[in-house]
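Enquirer: Listed here are the chains, written in short residue letters.
2 protein chains.
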Amino acid sequence: VSVTVTVAVDAGGADLGPAEVAAGAGMAAAAGVRVLLFGDAARIGEPPPGVEVIHAPLSIAKEADPARAARAHREASVVRAARAVAEGEAAAFVSGGSTGAALAAGLFEVKRLPGVHRPALAITVPVPGNPVTMLDVGANTEVRPAHLVQFAFLGAGLARTVMGIARPRVALLSNGEEPERGTPLVQAAHAEIAERAAGQDAFEWVGNVEGTGLVAGAADVVVTDGFTGNVALKVMEGVSQVLLGAVREAATSSARGKAGGLLLRPALRGVRDELDPEAYGGAYLLGLRRLGVVPHGRFGREGWAQAILLAARGATGDLVGRTHAALEAAGALRSAPSGEASSVSPS
Amino acid sequence: VSVTVTVAVDAGGADLGPAEVAAGAGMAAAAGVRVLLFGDAARIGEPPPGVEVIHAPLSIAKEADPARAARAHREASVVRAARAVAEGEAAAFVSGGSTGAALAAGLFEVKRLPGVHRPALAITVPVPGNPVTMLDVGANTEVRPAHLVQFAFLGAGLARTVMGIARPRVALLSNGEEPERGTPLVQAAHAEIAERAAGQDAFEWVGNVEGTGLVAGAADVVVTDGFTGNVALKVMEGVSQVLLGAVREAATSSARGKAGGLLLRPALRGVRDELDPEAYGGAYLLGLRRLGVVPHGRFGREGWAQAILLAARGATGDLVGRTHAALEAAGALRSAPSGEASSVSPS
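Protein sequences, first through last, are from chains A and B.
Under this note's numbering, the final residue of the first sequence carries the number 347; numbering is consecutive throughout.
Under this note's numbering, the final residue of the second sequence carries the number 1347; numbering is consecutive throughout.
Hints are computed from structural coordinates only; laboratory data are not their basis.
Predicted model, so just to flag it, every value in this text is computed and none were measured.
One or more of the hints may lead you astray.
[To be verified] Straight-line alpha carbon distances no greater than 20 Å define the calculated DMTMM-like cross-link-like pairs of lysine to aspartate or glutamate that follow: (1) B:1062 - B:1015; (2) A:62 - B:1178; (3) A:258 - B:1249; (4) A:62 - B:1015.
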């Protein structure tokens, strides 16, 4: 029995405009997802089949202080998309273009999972041969060791639910593999995760990995703060672009290279497609009572369609419930849960 | 008039053993550098022409606490190589395998430049089309804003002296381009560098860059703490290896791909050689009274030869004097210079 999942989508943050998001929503709808699309109805135009447009012309994606903007503008498209999820009209929300706005709207409307310190952005990067899930990649510029402990369980729940890995290998990103390497934060987190990891079966603890290990398959899930994770993710994207460009260049710089490039093109296209950020749809926002997905603001319709499908898959697989259960089973929820989302200021 | 430069080399930290370092030293000697090689004479064997072996069988490269080991073992090969530089027998030292040991030996024997807070490891990564110098890549896991200000001038002096860039573009690595993005450390460093950059001509200040900008030519010099820099550098190396491996795989997976791969091979070899860490010899250790170079411990003889040539080029170009002059001209030296290297504990 297939149940239709509804995803609430903010059309306000896309670099290419709301109509591009609507086109992506139409592709996701064609794949069986029901979409509520929040944005400027005039700019969206006639919606594709399976997409319902809710007129929400105010976008806060470009605001300098998105947390304040989300609080001040309850009619903003991202806030309305998050509220639709909080009120049960949709199972997950999708908002790209401003991580800060998506996080703030999620915190204010959907609220944190009881016992979770901080939501985190988790992305599965399809490194050829070694897909790796990294979190946090930008929701929290500063964290405490207890936050990183929770990220380990959130990431393990994601790898199990979405990647189908029964007992994911979880590591901590550092500047050396030895447990004593890293900043005081990383050293303390290492000790706390090691302690929590003992005697639980949510994940296998592999200790520290370096940047090389991150992309070489040393772990299925790599935990880090949102500053380091954001830098690492963007270096990965940047190096991929530059290298594939250099290979393309090599394949057009001489008659010999051109002939080789033509013959190799189908195989190289496979490598490029595998690495294309649009192909994997963006990052999960984990740690809220319902699921969020944050795609790149620069995505085209294919990227938006993938982001909506990512949200639908996570909701169907009960990603939120499973990650919460894993945290609870390990005793990694904080003892005095606070429902006050407003006490957390997203960075 | 060509003056022969003498470089003191520690043969103790190489994964492939002292004989491999000796072979690299011989290659550098053939290119005109005089080498003093500190290591186990029995394992080195007959030295190549131009290489003088000084028997120093004790290696501290594998010590868990290299700072303590460097202090306790004044006869260790890395300490003796650094001391040869301090005593004027050589113009620069080279030690690979343990950054901590090289840093500690440099601090204890060579000592910090007057007014410099912390030495930094600076590496020029030959990203195709966009070579970029990044520092710190591992000498200081934790830094203060004033340290990052000095790194900006040290890096600019390096880019000017070794890369020949008259007015290098200097940036700060962050998780967003806006000045208010980043950790409190990065925010404070941004403000301090911006202030120091005004009205000086050592470099052009371009503000924050993200991980994508780091590899896309947004700046000639990118400043960061040793933790983030180490992660970023190793992600760059890791992604390069994985991607070039995937391209190689694509070029052998079918008859068609194989034919294309054969035709493309010379051009692809160019890309690979350009990215090969051995080809660029390692990182400069800047901020001491004399120059240090830290290659990968896993380098083969070509890598060691390049590291020795890198040291010779830096010494010939008076890299230390130029970076110190740039710091002084900008008023970025600390007001009460301390000669007490022992007050700094390398991380």
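Enquirer: Each hint should be assessed against the structure and marked as holding or not.
Expert: Okay, the hints, checked on the actual structure:
1. B:1062 - B:1015: Distance ~10 Å between residue 1062 of chain B and residue 1015 of chain B Cα, so the pair holds.
2. A:62 - B:1178: holds (12 Å)
3. A:258 - B:1249: holds (19 Å)
4. A:62 - B:1015: violated (51 Å)
Violated hint: 4 only; the structure is consistent with all others.
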